[in-house]
Amino acid sequence: AQTVTQSQPEMSVQEAETVTLSCTYDTSESDYYLFWYKQPPSRQMILVIRQEAYKQQNATENRFSVNFQKAAKSFSLKISDSQLGDAAMYFCASGGTSYGKLTFGQGTILTVHP
Amino acid sequence: GAGVSQSPRYKVAKRGQDVALRCDPISGHVSLFWYQQALGQGPEFLTYFQNEAQLDKSGLPSDRFFAERPEGSVSTLKIQRTQQEDSAVYLCASSLVGAGHNEQFFGPGTRLTVL
Chain X
69 AQTVTQSQPE
79 MSVQEAETVT
89 LSCTYDTSES
99 DYYLFWYKQP
109 PSRQMILVIR
119 QEAYKQQNAT
129 ENRFSVNFQK
139 AAKSFSLKIS
149 DSQLGDAAMY
159 FCASGGTSYG
169 KLTFGQGTIL
179 TVHP
Chain C
8 GAGVSQSPRY
18 KVAKRGQDVA
28 LRCDPISGHV
38 SLFWYQQALG
48 QGPEFLTYFQ
58 NEAQLDKSGL
68 PSDRFFAERP
78 EGSVSTLKIQ
88 RTQQEDSAVY
98 LCASSLVGAG
108 HNEQFFGPGT
118 RLTVL
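Protein chains in written order, with the working numbering: chain X, 69 to 182; chain C, 8 to 122.
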């Protein structure tokens, strides 16, 4: 069984600043993947970044990076140089290695102020 | 098509009615998932198909929910005798193969409102 917890219902950031979204998880899987998905107001969910749990190195994708602390079961998302287009609901998710069924957190609404 | 499409985008049903929600995955994608997203919440897994085989239906909340993917492409989620608690956005996602690392591509969802 997997659980994902996002303890920040809402976050805000000034344009061009940096913001970190928190996520903790629990899983009985020995190997797993972690994801951050973005859901803009139009509702189509898109993948932001993914992390393979067996890899020590934190994943990065342009302005997006993660801080993966496996022992603490923590997986935070850092957005650098925030842009207005980053405003959305962000979901942290975990998945096993078998076929990719995802367990999502409750989401964090990110507001970007100009 | 370029992405996952779902229809209808919005559905209003009277309590007790049956509804059918359609998902067109990305062409060639083997895996197809259905999720239910209540207002202000994260999506919750309903069911998974690999081609036409329904390999996991552990998330279906009751026997009123039924999903099929008869030819391994288009999928339909059917809800019989809808109840108010069924009101939610139903998301469909597809991925190239059934493996944990694969990105799931989501459709825009169908917002179901049961009156």
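Because the hints were derived from the structure by calculation, they are not lab data.
Careful, some of the hints might be misleading.
In silico negatives: residues of chain C with every beta carbon more than 10 Å from chain X [to be verified]: (1) P15; (2) L28; (3) I33; (4) S34; (5) R71; (6) E78; (7) Q90; (8) Q91; (9) S102; (10) G105; (11) H108; (12) N109; (13) P115; (14) T120.
Quick list of the computed label-pair ranges, beta carbon to beta carbon [to be verified]: (15) C:R29 - X:T71: 27 to 33 Å; (16) C:S14 - X:H181: 22 to 28 Å; (17) C:G35 - X:S148: 30 to 36 Å; (18) C:R71 - X:N130: 41 to 47 Å.
Example chain X residues on the side facing chain C (calculated, C-beta under 8 Å, incomplete) [what the hints assert, rightly or not]: (19) K141; (20) Y167; (21) G168; (22) F172.
Here the structure is a predicted model, which is why all the values come from computation and not from measurement.
We put the beta carbon where it would ideally sit given N, CA and C, even for glycine.
Of the numbered hints stated previously, which ones are contradicted by the structure, given in increasing order? Numbers 9, 10, 11, 12, 13, 16 and 19, in rising order.
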